[in-house]
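**Q** Here's the letter readout for the chains.
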Amino acid sequence: MAYSDKVIDHYTNPKNVGTLDKAKTNVGTGLVGAPECGDVMRLQIEVDEESGLISDAKFKTFGCGSAIASSSLATEWLKGKTVDQALAIDNMDIVEELNLPPVKIHCSVLAEDAIKAAINDYRVKNGLPELVAEKSVH
Amino acid sequence: MDPRVLEAMLPYFVEKFGNAASRNHSFGWVAEEAVDYAREQVAKLINADPKEIIFTSGATEGDNLAIKGVYEMYASKGNHIITCTTEHKAVLDTCKHIEKTGGQVTYLEVQPDGLIDLAQLEAAITDKTILISIMYGNNETGVIQDVKAISKIARKHGVLFFTDATQAVGKIPVDVQADGIDLMTFSGHKMYGPKGVGALYVRRKNPRVKVTAQMDGGGHERGMRSGTLNVPGIVGLGKACELCMNEMESEAKRLSAMRDRLQEGLMVLEETYVNGNTEHRLPHTANISFKYVEGEGLMMGFNKDIALSSGSACTSASLEPSYVLKALGLGDDLAHSSLRFGLGRFTTDEQIDYTIEAVKNTVTKLREMSPLWEMFKEGVDINAIEWAHH
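So the protein lines, in turn, are chains A and B. The first sequence begins at 1 in my numbering and counts up one residue at a time. The second sequence begins at 1001 in my numbering and counts up one residue at a time.
With the rest of the complex left out, here is chain A (with noise of 0.2 Å):
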């Protein structure tokens, strides 16, 4: 199986990696998938309280190639947004975008779980209520 270009560009020169810190109360960290299912991703963003826009996020991806494409791409596509903006990226908006063969599309659903953990965590941390996710088709 051949990897799409993007897929390749993101593995080779990922945007985003790093660690913000988990602490401060404008952080949110989502933390998913499993290490025995071969894929753990961990998604932070971080909230810029003036404006309500999401000025930093960053990953870090124990994964597949695809993994890590799609965790990076989902970085950068979170950047300038805000968290509602934020919460309507669609997993398949990321199998398009990287050309993810079904295979892999588990991959692009792992990352937009990671998304809404990452804003649940922000909204939990911020007095909001948890969102309560509609469980996407695995």
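Worth flagging that the hints you see were computed from the coordinates, not collected in a lab. Just so you know, even glycine gets a beta-carbon here, dropped at the ideal spot from N, CA and C. Heads up, some of the hints might be wrong.
DEER-style ranges, computed between Cβ atoms [claimed, not checked]: (1) A1123/B to R123/A: 37 to 43 Å; (2) D1175/B to V103/A: 41 to 47 Å; (3) D5/A to E1357/B: 22 to 28 Å; (4) N13/A to A1388/B: 28 to 34 Å; (5) P101/A to A1388/B: 19 to 25 Å; (6) G1344/B to T19/A: 41 to 47 Å; (7) G52/A to Y1273/B: 46 to 52 Å; (8) D1146/B to L87/A: 58 to 64 Å; (9) D5/A to D1146/B: 25 to 31 Å; (10) E130/A to H1097/B: 23 to 29 Å.
Okay, the calculated bits of chain A under chain B, using three or more residues with CB under 8 Å as the criterion [said to hold, decoys possible]: (11) 14-20; (12) 27-33; (13) 36-43; (14) 61-67.
Chain B side only, calculated, beta carbon under 7 Å to chain A, not exhaustive [as the list claims (entries may be wrong)]: (15) E1294; (16) M1300; (17) M1369; (18) W1387.
We have chain A already, so just place chain B on it with the hints.
**A** Same frame as chain A, now just chain B:
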């Protein structure tokens, strides 16, 4: 494939196109002669009689023919087969098929080093046991079973011993007499021969072994395997066996030295483990786990230049971690972090140097990107985290 094998095969496609089973014209005789010669070359490599060689389409067919063939032929003696959990799918799935038809199969677990427990093997034998099927060398870890000891136990209890020796024949000395093997399968492409051709050894003396044919037809190959012989393929297999016979000893030394150098070069990385017994191991194989890095992601760092696999090629269409490594007791997480390195006749020292550097750099880069590596470095107990299994 070795170019010398291709050279031997070429005349048998167009120039010498005869059917080895055509007895009435010279074209057939030429083909028959070529097949006879190849049969001798194959037999010589494993110290068998040429009459004991059945040509097949490869090791998978040999596994099916040996196991199903013995199961059907010896049905009056019993219906129990013993094998182990790290066998190739061609053996495991054949055994599962047999279970569906009413047979009994014991799947022995292996020890953490990949070797079966001989006492457990002997204890599993019942008065219904007709066959022990244990592979010679494992395709993922390279672990070599104690074949002599297994055949001794089989003999003692009057049970036949079959071994899938696809990874071993042509790589290390395999002697069906000294090893006490009753049936053995192997294939051309694992020994620098062509794909789609292999052989099944079926013992003719002490004891005389028979298998029920799984393909009915013209009664080729002593009635055990009907079907027009793949003459060019068989000629290629014969040539490949001859080359291995002459070059195996020096090749094994060269490959194990390179393999050891590769392994030492990679073991300088932290949290890196070799899987399986390293003393009883095929010279060209190393299976290594790089903890906190996922195998498929790791391979992507150098798959343009190096062909490696995580898990075996036969199962790499699935996202499941290797069942062989899991049978050795590795957790799913570590099994996901493993690569199988296979060296061959055409591997060079420069390629080994390149591989060491490429793997080291990629592991280091991916660990920088791995949340698990970060947790490990910070002393977080990864097993204590409640992971959402998906």
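**Q** All hints are to be evaluated individually against the structure, with a verdict given for each.
**A** To see whether the hints hold, each was checked on the structure:
One distance hint, 37 to 43 Å for the beta-carbon pair A1123/B and R123/A, is violated here, with the actual separation near 60 Å. Checked against the hint of 41 to 47 Å, the C-beta distance between D1175/B and V103/A comes to roughly 44 Å, which is consistent with it. One distance hint, 22 to 28 Å for the beta-carbon pair D5/A and E1357/B, holds here, with the actual separation near 25 Å. Restraint check, N13/A to A1388/B: a C-beta distance of roughly 29 Å satisfies the suggested window 28 to 34 Å.
At about 24 Å, the CB distance of P101/A to A1388/B agrees with the hint of 19 to 25 Å. Taken as a hint, the range 41 to 47 Å holds for the pair G1344/B and T19/A, whose Cβ atoms sit roughly 42 Å apart. Checking the proposed 46 to 52 Å range against G52/A and Y1273/B shows it holds: the Cβ atoms sit about 48 Å from each other. Restraint check, D1146/B to L87/A: a C-beta distance of roughly 60 Å satisfies the suggested window 58 to 64 Å.
Evaluation of the 25 to 31 Å hint for D5/A and D1146/B yields a failure: the beta carbon distance comes to about 50 Å. Distance hint check: the CB atoms of E130/A and H1097/B are about 50 Å apart, inconsistent with the given range 23 to 29 Å. Given a C-beta distance limit of less than 8 Å, the hint that chain B covers the segment 14-20 of chain A holds, as 3 residues qualify and 3 suffice. For a cut-off of 8 Å, the count of residues in the segment 27-33 of chain A with a CB near a CB of chain B stands at 3, and the three-residue condition holds.
For a cut-off of 8 Å, the count of residues in the segment 36-43 of chain A with a CB near a CB of chain B stands at 7, and the three-residue condition holds. Against chain B, the segment 61-67 of chain A contributes 6 residues with a C-beta closer than 8 Å to a partner C-beta. That satisfies the three-residue criterion, and the hint holds. At about 5 Å, the closest approach between the beta carbon of E1294/B and any beta carbon in chain A falls short of 7 Å, and the interface hint on this residue holds. Using the Cβ-Cβ criterion of 7 Å, the hint placing M1300/B at the interface with chain A is satisfied: the shortest such distance is roughly 4 Å.
Interface restraint check for M1369/B: the shortest CB-CB distance to chain A comes to about 5 Å, inside 7 Å, so the restraint holds. A hinted interface residue such as W1387/B counts as satisfied when its beta carbon comes closer than 7 Å to some beta carbon of chain A; here the least separation is about 3 Å, so the hint holds.
Of the numbered hints stated above, those contradicted by the structure are hints 1, 9 and 10, listed in ascending order.
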